[in-house]
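Please construct the entire structure, taking both the sequences and the accompanying hints into account.
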Amino acid sequence: MTAIQHISTSRRIKDRVVQGLVYLAFALAVVPLVSVLWLVISNGMSRFDVEFLTHSMNGIGARDVGGGAYHAIVGTLEQVLLASVISVPIGLFTAIYLVEYGNNGRLSRAISFFVDVMTGVPSVVAGLFVLAFWILFLGFSYSGWAGALALSILMMPTVVRSAEEMLRLVPVDLREASYALGVPKWRTILRVVLPTAFTGIVTGVMLAVARVAGETAPLLMTVFFTNSINNDPFTGPQMGLPLFVFDQAARPNDTAVDRAWTGALTLILIVMLLNLVARLIAWWRSPARGR
Amino acid sequence: MSKQIQVSGLDAYYGSHKAIEDVSMTIEPRSITAFIGPSGCGKSTFLRTLNRMHEVIPGARVDGKVLLDGEDLYAGTVEPVSVRRMIGMVFQRPNPFPTMSIYENVAAGLRLNGRVSKAQTDAIVEESLKGANLWNEVKDRLNKPGAGLSGGQQQRLCIARAIAVKPQVLLMDEPCSALDPISTLAIEDLMAKLKDEFTIVIVTHNMQQAARVSDRTAFFNLAEQGKPGKVIEMDETSRMFTNPSEKATEDYITGRFG
Ligand SMILES: Nc1ncnc2c1ncn2[C@@H]1O[C@H](COP(=O)(O)OP(=O)(O)OP(=O)(O)O)[C@@H](O)[C@H]1O
Ligand SMILES: [Mg+2]
Numbered sequence: 001m002t003a004i005q006h007i008s009t010s011r012r013i014k015d016r017v018v019q020g021l022v023y024l025a026f027a028l029a030v031v032p033l034v035s036v037l038w039l040v041i042s043n044g045m046s047r048f049d050v051e052f053l054t055h056s057m058n059g060i061g062a063r064d065v066g067g068g069a070y071h072a073i074v075g076t077l078e079q080v081l082l083a084s085v086i087s088v089p090i091g092l093f094t095a096i097y098l099v100e101y102g103n104n105g106r107l108s109r110a111i112s113f114f115v116d117v118m119t120g121v122p123s124v125v126a127g128l129f130v131l132a133f134w135i136l137f138l139g140f141s142y143s144g145w146a147g148a149l150a151l152s153i154l155m156m157p158t159v160v161r162s163a164e165e166m167l168r169l170v171p172v173d174l175r176e177a178s179y180a181l182g183v184p185k186w187r188t189i190l191r192v193v194l195p196t197a198f199t200g201i202v203t204g205v206m207l208a209v210a211r212v213a214g215e216t217a218p219l220l221m222t223v224f225f226t227n228s229i230n231n232d233p234f235t236g237p238q239m240g241l242p243l244f245v246f247d248q249a250a251r252p253n254d255t256a257v258d259r260a261w262t263g264a265l266t267l268i269l270i271v272m273l274l275n276l277v278a279r280l281i282a283w284w285r286s287p288a289r290g291r
Numbered sequence: 001m002s003k004q005i006q007v008s009g010l011d012a013y014y015g016s017h018k019a020i021e022d023v024s025m026t027i028e029p030r031s032i033t034a035f036i037g038p039s040g041c042g043k044s045t046f047l048r049t050l051n052r053m054h055e056v057i058p059g060a061r062v063d064g065k066v067l068l069d070g071e072d073l074y075a076g077t078v079e080p081v082s083v084r085r086m087i088g089m090v091f092q093r094p095n096p097f098p099t100m101s102i103y104e105n106v107a108a109g110l111r112l113n114g115r116v117s118k119a120q121t122d123a124i125v126e127e128s129l130k131g132a133n134l135w136n137e138v139k140d141r142l143n144k145p146g147a148g149l150s151g152g153q154q155q156r157l158c159i160a161r162a163i164a165v166k167p168q169v170l171l172m173d174e175p176c177s178a179l180d181p182i183s184t185l186a187i188e189d190l191m192a193k194l195k196d197e198f199t200i201v202i203v204t205h206n207m208q209q210a211a212r213v214s215d216r217t218a219f220f221n222l223a224e225q226g227k228p229g230k231v232i233e234m235d236e237t238s239r240m241f242t243n244p245s246e247k248a249t250e251d252y253i254t255g256r257f258g
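For the record, the sequence lines run as chains A and B. Going by UniProt numbering, the first residue of the first sequence is number 1, and it counts up by one from there. Going by UniProt numbering, the first residue of the second sequence is number 1, and it counts up by one from there.
Worth double-checking, as some hints may not be accurate.
Covered stretches of chain A (in silico footprint by chain B; criterion: 3 or more residues with CB under 8 Å from a CB of chain B, positions within the stretch not fixed) [what the hints assert, rightly or not]:
1) 165-179
2) 185-198
Restraint ranges, calculated between C-beta atoms of paired labels, are given here [unchecked claim]:
3) A:V125 x B:Y14: 42 to 48 Å
4) A:F93 x B:Q6: 38 to 44 Å
5) A:S228 x B:A119: 55 to 61 Å
6) B:Y14 x A:G120: 36 to 42 Å
7) A:V277 x B:D122: 33 to 39 Å
8) A:V85 x B:N113: 29 to 35 Å
9) A:F93 x B:N136: 42 to 48 Å
10) B:G70 x A:P89: 42 to 48 Å
11) A:W284 x B:Q6: 48 to 54 Å
12) A:R187 x B:Q225: 38 to 44 Å
13) B:A178 x A:L273: 42 to 48 Å
Hints were generated in silico from the structure; no laboratory data involved. Cβ atoms here follow ideal geometry from the backbone N, Cα and C, with glycine treated the same way.
Structural data, given as structure tokens:
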């Protein structure tokens, strides 16, 4: 028989101290985030206007006010979309192979290893690779497509890893329930496993998109640079929002620096908007909706 | 629509671990056969060899013969998928598809296997839910998620899903172990009803349940600790529970085991 014990004073103090430390750590983590947001919003608002969203920098002189990032917004959207079109299917199929067919064999361990290596590739290296291989070796010109290639190298490992994790979370019970109904494996994956993991996979893809949307270095070497609108990602130099920010911020005029802040704000908004869309898709597909 | 199963000399392995050894038995059509025995003696393993679900587990394999009305399910050219269409299964834990509604869950086997018209599907869904004694409880919310039902209802949903594809045999692995007495009774009534159409095999830890519902009972046990499981005895349920020929069976049934 032991008596009911009361929480000792020293434990209560420890509890308080640790609680305080956790709050402190949280505050420290939030400070940079909030201050960055605040800086970008307060500095970016001044030029966040219709002209900025609808005009390019074509014919805008060094000291002129006005001008905009339309060409960069179009470029970023196209490049990120193309990069997703390349890397999402490949990443998803790789993840499906690893989880459903690999059985942890030699090939799947090798793939896993290379995905890890790819995760560690610095973005400059991805850009350099496309520059060396696609542009210098194969002789294609600078284009949005070349930029998308570089971005897809960065996206792929993120997509593979997050999709793999989500697929592994799908209970074996569900797969077995489907097999027991006489459903073939590929159909089980398509109709049971993927829909169950769908929300998580969408979130993972969005994280990957957010990661590459702000990449500057690989674009610098692949899409080159332009001040005018180029809607065709397959021919000729394009622009991207990170490049736009990089370029404008380096100019000596306040008007240019203002444009850089607004470009950064636009980039953040685009990523947030994409996230929102992804959430909506996930919500719309989630089983809880009907309840 | 109901077939006989004959098993002879069946061994099942998980990698190098032999889980059951030399099992032979005949499972009669239009009857309920119960498997009883202590935990870990290979009842689930054996059940899963009957519809080729065992080999789904990486490294698992089977030796021996399983004949469904004389046709060997393990013959080299047999498509495991078609075996599973003929021999349905209900699992210990209810496992409705979480992304699907009640209706879609029941229709899953039909839809996932090919094209069926909407009217046909409607009819089969209603018939299966009625067959599983669930229709009255869910008929007003067929489009709500299957995961939103109670455990007992989910299990009956899984039974409806299994019978919707019209299998010839229905395997049930402890279908009532997570259920309250009323749901258990509902499922037992259901089995009694289903046995007119299907060959039913049920694994259970509940002696009363085996005695109540089954026509024949097989007692599984390990020969000794660390050895593979075996069938110790199989007979008419009434004989098994009143006058078993093996001492071990009697000890197990009367609770004097181990
Ligand atoms: N997936 C698996 N991998 C490896 N060994 C397994 C696996 N499943 C079961 N086994 C082993 O096979 C043997 C038989 O297990 P099985 O699940 O068939 O027993 P059971 O009679 O159904 O037990 P219970 O009544 O507890 O459900 C056990 O020794 C178990 O450890
Ligand atoms: Mg079991």
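Checked hints:
1. Check result for the segment 165-179 of chain A against chain B: holds, 8 residues qualifying (beta carbon to beta carbon below 8 Å, three or more required).
2. Taking a C-beta to C-beta cut-off of 8 Å, the segment 185-198 of chain A contributes 7 residues in contact with chain B, enough for the three needed, and the coverage statement holds.
3. Checked against the hint of 42 to 48 Å, the C-beta distance between V125 (chain A) and Y14 (chain B) comes to roughly 45 Å, which is consistent with it.
4. About 43 Å separates the C-beta atoms of F93 (chain A) and Q6 (chain B), a value consistent with the hinted range of 38 to 44 Å.
5. Against the hinted window of 55 to 61 Å, the Cβ-Cβ separation of S228 (chain A) and A119 (chain B) comes to about 59 Å, which satisfies the hint.
6. Distance hint check: the CB atoms of Y14 (chain B) and G120 (chain A) are about 37 Å apart, consistent with the given range 36 to 42 Å.
7. Checking the proposed 33 to 39 Å range against V277 (chain A) and D122 (chain B) shows it holds: the Cβ atoms sit about 35 Å from each other.
8. Remark: the range hint 29 to 35 Å for V85 (chain A) to N113 (chain B) is upheld by a beta-carbon distance near 32 Å.
9. For the pair F93 (chain A) and N136 (chain B), the beta carbons lie near 45 Å from each other, so the given range of 42 to 48 Å is met.
10. In this structure, G70 (chain B) and P89 (chain A) meet the distance hint of 42 to 48 Å, their C-beta atoms being roughly 46 Å apart.
11. Restraint check, W284 (chain A) to Q6 (chain B): a C-beta distance of roughly 51 Å satisfies the suggested window 48 to 54 Å.
12. Take R187 (chain A) and Q225 (chain B): their Cβ atoms lie about 42 Å apart, and the range 38 to 44 Å holds.
13. Taking the beta carbon of each, A178 (chain B) and L273 (chain A) are about 45 Å apart, inside 42 to 48 Å as hinted.
Hint check: no violations occur; every hint is consistent with the structure.
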